[in-house]
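Kindly generate the complete structure, drawing on both the sequences and the hints.
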Amino acid sequence: MDFQVVVLAGGNSKNLTPLVSKELPKPLLPVANCPVLNYVLHQLEQSNLKDLIVVVEGEDAALLVGAWISGTFIDRLHVEIAAVPEDIGTAGALRAISHHLTAKDILVVSGDLVSDVPPGALAATHRRHDAAVTTMLCSIPVSGPLESGSSGGKDKAKKLGRYNIIGLDPSKQFLLHIATGAEIEKDARISKRILHAVGQMEMRSDLMDAHMYAFKRSVLQEVLDVKDTFQSLKEDVLPYLVRSQLKSEALLNRTPQGEENSNEKVSSQNNQAFISRILANASTPSFHGIYSENPDGSSSTRKTHKCCVYIASSSSYCVRLNSIQAFMDINRDVTGDADHLLSPNNIIGPSPKLGTKTTVGPNCRLGEGSEMGDKCQVKRSIIGRHCRIGSHVKVVNSVVMNHVTIGDGCIIQGSVICSNVQLQERVELKDCQVGAGFVVTAGSEYKAESLAKKEK
Amino acid sequence: MDARRMSRAVPRVRQVGFFTPNTPAKQPQPQSAAPSSESPPLSDSPASNSLSPVMIPPPRHLSDNLGGRTAAVPVPGRENSGELPTVGSYNPSESVLWLDSPPRSRIGDEELSEGAESSLGWYRRSDSAKFASSLPSGGFNLSTAKHPESVAAVEAKNPLPEQSEAQKEQASSSKPLKAKTTKAERRALQESQRAAKAASRAEANKSGTPGGAPSSKPMKQPPQKKDGPPVASSIAASERIGVDRSVEKERKKDLPPPRKQFDDESRGGRAKRRSVLNQPEARNRVELFRHLPPHKNGTQLPYLGSKFFELHEKHPAVYKVGLQYLAGDLSGGNARCIAMLQAFQEAIRDYSTPPEKTLTRDLTSKIGGFVSFLIECRPLSMSMGNAIRFLKSRIARLPLTLSESEAKTTLCSDIDRFINEKIVLADKVILRHAATKIRDGDVLLTYGSSCVVEMILLYAHELGKQFRVVVVDSHPMLEGQKLLRRLVVKGLSCTYTQLNAISYVMHKVTRVFLGASSIFSNGTVYSTVGTASVAMVAHAFRVPVLVCCEAYKFHERVQLDSICFNELGDPDAISKVPGRVDVNYLDNLTDKQKENLELLNLKYDATPSDYISVIVTDYGMIPPTSVPVIVRGYRKEYLLI
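Same order as they appear, the protein sequences are chains A and B.
So the first sequence is residues 1 to 456, counted in full-length UniProt numbering.
So the second sequence is residues 1 to 641, counted in full-length UniProt numbering.
Warning: the hint list may mix true and false statements.
Said to hold, decoys possible - Using C-beta positions, here's what the derived DEER-type ranges look like:
#1 B:Lys392 to A:Leu63: 50 to 58 Å
#2 B:Lys428 to A:Pro85: 42 to 50 Å
#3 A:Ala280 to B:Leu402: 32 to 40 Å
#4 A:Pro85 to B:Val583: 53 to 61 Å
#5 B:Lys428 to A:Ser313: 45 to 53 Å
#6 B:Glu313 to A:Pro85: 34 to 42 Å
#7 B:Pro294 to A:His78: 35 to 43 Å
#8 B:Val581 to A:Ala280: 29 to 37 Å
Claimed, not checked - Listing some non-contacts, in silico: residues in chain B with all C-beta distances to chain A over 12 Å:
#9 Pro355
#10 Glu356
#11 Gln466
#12 Pro578
If you are wondering where the hints come from, they were derived from the structure by calculation, not from laboratory data.
Even glycine gets a Cβ: it sits at the ideal position worked out from N, Cα and C.
Quick look at the structure:
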């Protein structure tokens, strides 16, 4: 279908420390015991998109991700791994691989998207409108107040940061304004020109940019080339394209018609104009077309491009893993409501060994080879592979990764415990994140803290 | 050309007449072949003849059959209703159907209606019973379907006037026996039960049962004793011959399509092969229009979108066009046709012949796949059908010696030439012609948004003619507003009104310019719904109606109404007014109440040629009666280049 797929897998995310580390880059962060990148790749594979470019920040991370992908999808996907330097942002990453892009349209997916929205729907919308950029919006997930209620005020601030202010046209097909979390201040600047052309704008704050975009390749490359200060797709490129949709600058002169026309070897330019006028008159005019018409009705001298949206239906699941809270939510949802996201090969292996009177509640997931002692309780939690859990341990609303040793009498609530952590006896953790390889001494109590090994 | 036409026309007749799927067309033949050897030609020819006036496009030489030959031809029901005023226009064929056996020996085609009249008394008696029991609905369709069968049956009996009634009865009733005994028995049993149910009277019951029974002995009793028994037995006989199946089918699904458009068979076949879209269920659709393809509503769009990457064999350009059709982004005959052709052009450019295949055949099937995908998105317009036919004929006529790249460039330039000559140049010629009909001080009325009419108006304006334009529009498309906007922007003075005010503006109007989706060879103009009303009102006000239409949209078909072939729009579109949330009277109906509601949003209607003064086409300005000439000449031209 002439689409190229770029998965921006990222590398070490600051938001997710201490969960991610050099050994465990963000794409490989396990969500319900399988790396988060798996969800994206699985979704793409289901859509029959088998040629992918996965962009990873950092060489080491790229090696790790590459090894994992070639192990998992060896004969199913054709994946190119591209390593880019760290901290160049999403736009920078695309700029770095720009010369690999050849197809007419580029689908850019964030590697931390856990979603069941078919990417084809976005692509179809993009094609139908012949848009310069199409973005997928999804409703902001309700992070369950029940489970995360204990996390308190800190998360509230974080959640506010995720908010987007999004302006749509009345038909909810075009993106008129977008302001993402970081740049929301007290007032929003809206282009008068756009407002004038559309006449009516709907401002939404209940939608979230899912970071799945379809770009027209020519537009994307030109923007990246010319605006070399742009760092982020979401915060720079997309708002720029949206802002300038009615005054496409010279760099966007190769608008759709221009391209198509140049392909066609039609005898007379006159006839071509005639045909395009017939086509233009027949199609439902968007405000772009109306605006680009000069007052005297002659066709456009003003260049426009379209920024479309695809709004995922509210029933579909779509969350980005970009914070610890989101990590907890996704873990909870994937084992609970949205369990169809799990690809079948990742369901529990051989059942773990349980001690006597140990109960495992619903919405739990236990990895293979884990052992649990007597009288343990596990509720709404995920426990990775080869964990050793002693007796009288209580694990609620938590994520325990692989090779974790938990001593007797520990109580773990709402926490994330990374791989190779050792919890000695009678440790009590509440809303904590324990980085990989950390050792929690016996009898200690922590509440809402982030524990990690000191970087050497 | 003629051979070509015949080969296309004949299967269509079959399909229409005997619409049951299991090759019902063959049924009369073995039956009639059984009693005597000379019957097959007889049974064949009347069946096709009586059907052909309805179905086969060129009306000239066949139209005399229409009135004279059989009174039972269902569509021109006027003649029949004159003869049988008490019976509805659908019933005459019914009367023929089971009156034909009582006056057996003298049945000829011309006598059918007399027979019907002479025995009208008892006919009416049993009429109610039969209609009530076995023909609950869709009388129109049934009659079309049954009629040829009955004629065939009559013809089958005709050659045996010298034989005794009993033998004849036996022959007609035991024909299935000869084919296959067990099946016939079963069928006969079934029919006997049905006959028993159908004939409410005891006597009919008494004699009807043996009439349908497989053994031939008891059948010697009933014939011609009273009026009743023949009726019953003829019910059985006629039903056996062809109706039973159709009646059964009738109950399941209504009106099968008279045309290729939404045939059961083709649907089934296509669904089996690969249907890209879900078929929306036939919920609350108006019964008379159920044969039309249901509107693919908006819910199909995300569905199709989600399969975007899975449909590899559909070229992206074609896919895009399909999406645009489905979403309604692209409408208008010319634009749709151009978009389709350009998409095909792109697909051809990217095409490469797979190994072990020839370009001609593989590309044809590929184009066929594209076309069926587009049809699923939205039914094709006639003009697109013509364009596809052109393209396919060009592909078929490619010389085998051409290399692949040469063939591709040839085809692409052919498509370009088609667009340029048939659409662009044609429009320019039409402009010139039509502009001569616009004089200073004229008030021109147009309906909807036709791109040719728009160009004419703009062209005349550029020429400096002084005229005013009345744009008539209608809900729910409100396409006229788009046209209005463009006209006003260009400085024309316009009046905008809705269709329901047409009679008030018409007396000021001096010319009516209309666009058309297609023009049939009987001069019928097939165009956006509402066009017929405009033309009719204009005719009543003695205002000349000029229909502007490119010749590539002409079609050889003959269509008398807008029922048998049409397109359904989104039914919800007419219950809502855009931008008026307060107009929601239909919204708060309960599901139960909604069962009583059937929304009908037709897209097209057919304007009879009486209302049309002149057709402006690229061959000049012609009367509607000259359309067949153009169709003939045109076809020759583009097929034989």
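Cross-check of the supplied hints:
1. B:Lys392 to A:Leu63: 50 to 58 Å: holds, 55 Å
2. B:Lys428 to A:Pro85: 42 to 50 Å: The hint (42 to 50 Å, Cβ to Cβ) is violated, given that B:Lys428 and A:Pro85 are roughly 59 Å apart.
3. A:Ala280 to B:Leu402: 32 to 40 Å: holds, 35 Å
4. A:Pro85 to B:Val583: 53 to 61 Å: At 59 Å between Cβs, range holds.
5. B:Lys428 to A:Ser313: 45 to 53 Å: Distance hint for B:Lys428, A:Ser313 holds at roughly 47 Å.
6. B:Glu313 to A:Pro85: 34 to 42 Å: holds, 41 Å
7. B:Pro294 to A:His78: 35 to 43 Å: holds, 40 Å
8. B:Val581 to A:Ala280: 29 to 37 Å: holds, 30 Å
9. Pro355: holds, 23 Å
10. Glu356: holds, 25 Å
11. Gln466: holds, 19 Å
12. Pro578: violated, 10 Å
Checked against the numbered hints above, the structure breaks hints 2 and 12 and satisfies the rest.
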